[in-house]
Amino acid sequence: MKSRPNWPAGLFALAWLAIVLGPLLYLVTVSLRTRSEYLGKSAWSVPDALTLDNYVTVLTGGFGQYLLNNVVVTVVTVAIVVAIAVPCAYAVARSGGKFVQRGFTLLLVGLAIPAQATIIPIYLLITRMQLYDTLLAIILPTAAFALPVATLVLTNSLRDVPRELYEAQAIDGAGPFRVLVSLVLPLARPAIMTVVVYTALNAWNGFLFPLVLTQSESTRVLTLGLYDFRGQFGTNVPALLAAVTLSVLPIFAVYLMGRRFLLSGLTAGFGK
Amino acid sequence: MSSQRPSGWYAVPAFAFFALFAALPMVIVVYLSFTAWDGLGTPAPNGVDNWTRLVQDGEATASVGRTVLLMVVSWLVQTPIALLVGVWAAGKQRSRAVLSSIFFLPLLLSTAAIALLWQVLLDPNFGAFVGGPQFLGDTDIAIYTVVFVISWQYIPFHTLLYQGAARAVPPTLYEAATIDGAGRFGQFVNITLPQLRFTIVTSSVLMMVGSLTTFDTVLILTNGGPGTATRILPLHMYITGFVGFEMGYASTIAVVLVVLGTALSVAVMRWSGFRSMSSQQEGS
Numbered sequence: 001m002k003s004r005p006n007w008p009a010g011l012f013a014l015a016w017l018a019i020v021l022g023p024l025l026y027l028v029t030v031s032l033r034t035r036s037e038y039l040g041k042s043a044w045s046v047p048d049a050l051t052l053d054n055y056v057t058v059l060t061g062g063f064g065q066y067l068l069n070n071v072v073v074t075v076v077t078v079a080i081v082v083a084i085a086v087p088c089a090y091a092v093a094r095s096g097g098k099f100v101q102r103g104f105t106l107l108l109v110g111l112a113i114p115a116q117a118t119i120i121p122i123y124l125l126i127t128r129m130q131l132y133d134t135l136l137a138i139i140l141p142t143a144a145f146a147l148p149v150a151t152l153v154l155t156n157s158l159r160d161v162p163r164e165l166y167e168a169q170a171i172d173g174a175g176p177f178r179v180l181v182s183l184v185l186p187l188a189r190p191a192i193m194t195v196v197v198y199t200a201l202n203a204w205n206g207f208l209f210p211l212v213l214t215q216s217e218s219t220r221v222l223t224l225g226l227y228d229f230r231g232q233f234g235t236n237v238p239a240l241l242a243a244v245t246l247s248v249l250p251i252f253a254v255y256l257m258g259r260r261f262l263l264s265g266l267t268a269g270f271g272k
Numbered sequence: 001m002s003s004q005r006p007s008g009w010y011a012v013p014a015f016a017f018f019a020l021f022a023a024l025p026m027v028i029v030v031y032l033s034f035t036a037w038d039g040l041g042t043p044a045p046n047g048v049d050n051w052t053r054l055v056q057d058g059e060a061t062a063s064v065g066r067t068v069l070l071m072v073v074s075w076l077v078q079t080p081i082a083l084l085v086g087v088w089a090a091g092k093q094r095s096r097a098v099l100s101s102i103f104f105l106p107l108l109l110s111t112a113a114i115a116l117l118w119q120v121l122l123d124p125n126f127g128a129f130v131g132g133p134q135f136l137g138d139t140d141i142a143i144y145t146v147v148f149v150i151s152w153q154y155i156p157f158h159t160l161l162y163q164g165a166a167r168a169v170p171p172t173l174y175e176a177a178t179i180d181g182a183g184r185f186g187q188f189v190n191i192t193l194p195q196l197r198f199t200i201v202t203s204s205v206l207m208m209v210g211s212l213t214t215f216d217t218v219l220i221l222t223n224g225g226p227g228t229a230t231r232i233l234p235l236h237m238y239i240t241g242f243v244g245f246e247m248g249y250a251s252t253i254a255v256v257l258v259v260l261g262t263a264l265s266v267a268v269m270r271w272s273g274f275r276s277m278s279s280q281q282e283g284s
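Protein chains in written order, with full-length UniProt numbering: chain A, 1 to 272; chain B, 1 to 284.
Treat the hints with care, as some may be off.
Claimed, not checked - Covered stretches of chain B, as calculated for chain A (at least 3 residues, CB under 8 Å):
1) 101-110
2) 204-216
3) 232-246
As the list claims (entries may be wrong) - Computed far set for chain B versus chain A, every beta-carbon distance over 10 Å:
4) Gly-47
5) Thr-52
6) Leu-54
7) Asp-57
8) Glu-59
9) Leu-69
10) Trp-75
11) Pro-124
12) Pro-133
13) Gly-137
14) Thr-139
15) Gly-181
16) Val-189
17) Leu-193
18) Gly-225
19) Pro-226
By construction, these hints were calculated from the structure, which means they are not laboratory data.
Remember, predicted model here, so these are calculated numbers, not experimental data.
Each residue gets a CB set at the ideal place from its N, CA and C atoms; glycine is no exception.
Could you build all of it, start to finish, from the sequences and the hints given here?
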């Protein structure tokens, strides 16, 4: 049916490709230039030689520490979210209790809360809890703000589970906990993957919570490290862009391995 | 069989966690908006001082205006592009699948990375457009530069939404339209757009709430400048609270942010029926 080639759309798509890809090529090529060449030559000129020195500069700086912190923040945040959102979604999907349903409604209202608006009271809470400048200070609020979407996605998926499966388990004499482990967890696996990806990306790329709730070098995460590199390296732009490139590589690796999960994770809960 | 259902306790950890770090802060921020607090000592109640100050604060009013401008222009830029690219990418051809996976790449970069990259790209002395307009330095242009960078980052996400939705449109509709002699443009207007209306609403809500809470992009790209040309509401709040150490007054600004966000969400839910959308999802 769509046999005629759609030339205008094709050209439009190619123009868009240039807008998307151009800056990324710039990012990688400048990170491979020497500093003097960056300062002395036009951005459009062909470089005389490529160098990996900028990457060495970055990697011998605090990059490893930032990366490690990022991994810790991401892994712990994901673990917390999955550990508490799955049972919650199970209860919302299977229990008719008013408490649970009202709590769920409240959680959905939370979808609209802008995290920025709560940053001052969160700063107050975190300092009063003596958690300021710890990785936990980043993890706890990040996890809390991931909960609404996580619970929504999981609940939607568990509601699709046929009633008969639950009933068959009940006839076998399984209690709610065994049902959770032997039925809910396997069936919700795609939804859990979505939640993992969505939460991980948010935690990995988070900026505001680390900016406000941490301070020292030892608790710095990648995004904040990049922000800091700008001041630290001053005019060493190729090194800055090498740091930016390095910060993208781990996610890019994940993207290559699990593109399907990543894409469904990004659009989690927004269905059609 | 009801005894086999999970008890409410299964939901308690999630609810408690959310209440402590998201719901409770909402209550505290309202309280703080009636206090003077420098971020270190104890917040001291000061009545409606912050609120009367807010009304007289020209910078706050101006930042609301900038936020609305950013929201509207972002929507106008992102929606048509995301819609067109998304519908185009929904086609079955292999080349489209390959291109669209490249289109998604900006989604992998953190906001901090994107803002730094564009700052370098647009640098007036060493960037890619030396001799061009002062994209970040001109008070008239800077906010549109911010819109551009935000669009660059988020259009891929909205494209993804539209691509998924366009794939779900029943092909029979197009077949019937072709038999009726409808052209490509007619099909787009009469079939594609109406079929995507829920997606347009969802995407628009996300865009608007996103614009309202844009923070890291502006902080890194322009820090609100030149002058205060790009100082939007969340940044005004951050600078007031964490740079100027006026946490009480910053909380007042935060409350305005919450009110705007909630009003926006409620308006859109009324207008579009978010509930009907989620039930539509369950039915699929």
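Consistency of the hints with the structure:
1. Taking a C-beta to C-beta cut-off of 8 Å, the stretch 101-110 of chain B contributes 10 residues in contact with chain A, enough for the three needed, and the coverage statement holds.
2. Only residues whose beta carbon comes within less than 8 Å of a beta carbon in chain A count, and the stretch 204-216 of chain B has 6; three or more means the coverage holds.
3. Coverage of the stretch 232-246 of chain B by chain A holds [criterion: at least 3 residues with CB-CB distance below 8 Å; count 5].
4. Annotated as non-interface, Gly-47 of chain B keeps its C-beta farther than 10 Å from every C-beta of chain A; the closest such distance is 19 Å.
5. The Cβ of Thr-52 of chain B lies farther than 10 Å from every Cβ of chain A, with a closest approach of about 20 Å, so its non-interface assignment holds.
6. With a minimum CB-CB distance of about 15 Å to chain A, Leu-54 of chain B clears the 10 Å threshold, and the non-interface call stands.
7. Here Asp-57 of chain B stays apart from chain A, with its beta-carbon at least about 17 Å from theirs, past the 10 Å limit.
8. Non-interface status of Glu-59 of chain B relative to chain A is upheld: no Cβ of that chain comes within 10 Å, the nearest being about 17 Å off.
9. The beta carbon of Leu-69 of chain B sits about 18 Å from the closest Cβ of chain A, which is more than 10 Å, so the claim that it is off the interface holds.
10. Residue-level check passed: Trp-75 of chain B sits 17 Å from the nearest beta carbon of chain A, beyond 10 Å.
11. Look at Pro-124 of chain B: its CB is around 12 Å from the nearest CB on chain A, clear of 10 Å, so calling it non-interface holds up.
12. Its beta-carbon lying about 16 Å from the closest one in chain A, Pro-133 of chain B satisfies the requirement of being farther than 10 Å from that chain.
13. No beta-carbon of chain A is positioned within 10 Å of the beta-carbon of Gly-137 of chain B; the least distance is around 17 Å.
14. Every CB of chain A lies more than 10 Å from the CB of Thr-139 of chain B, the least distance being 23 Å, so the non-interface label holds.
15. No Cβ of chain A comes within 10 Å of the Cβ of Gly-181 of chain B; the nearest lies about 13 Å off, and the non-interface call holds.
16. The beta carbon of Val-189 of chain B is kept farther than 10 Å from every beta carbon of chain A, the shortest such distance being approximately 15 Å.
17. For Leu-193 of chain B, the condition that its CB be more than 10 Å from all CB atoms of chain A holds, with the nearest at approximately 15 Å.
18. No beta-carbon of chain A is positioned within 10 Å of the beta-carbon of Gly-225 of chain B; the least distance is around 15 Å.
19. Chain A leaves Pro-226 of chain B outside its interface by the beta-carbon criterion, the shortest separation being 18 Å against a cut-off of 10 Å.
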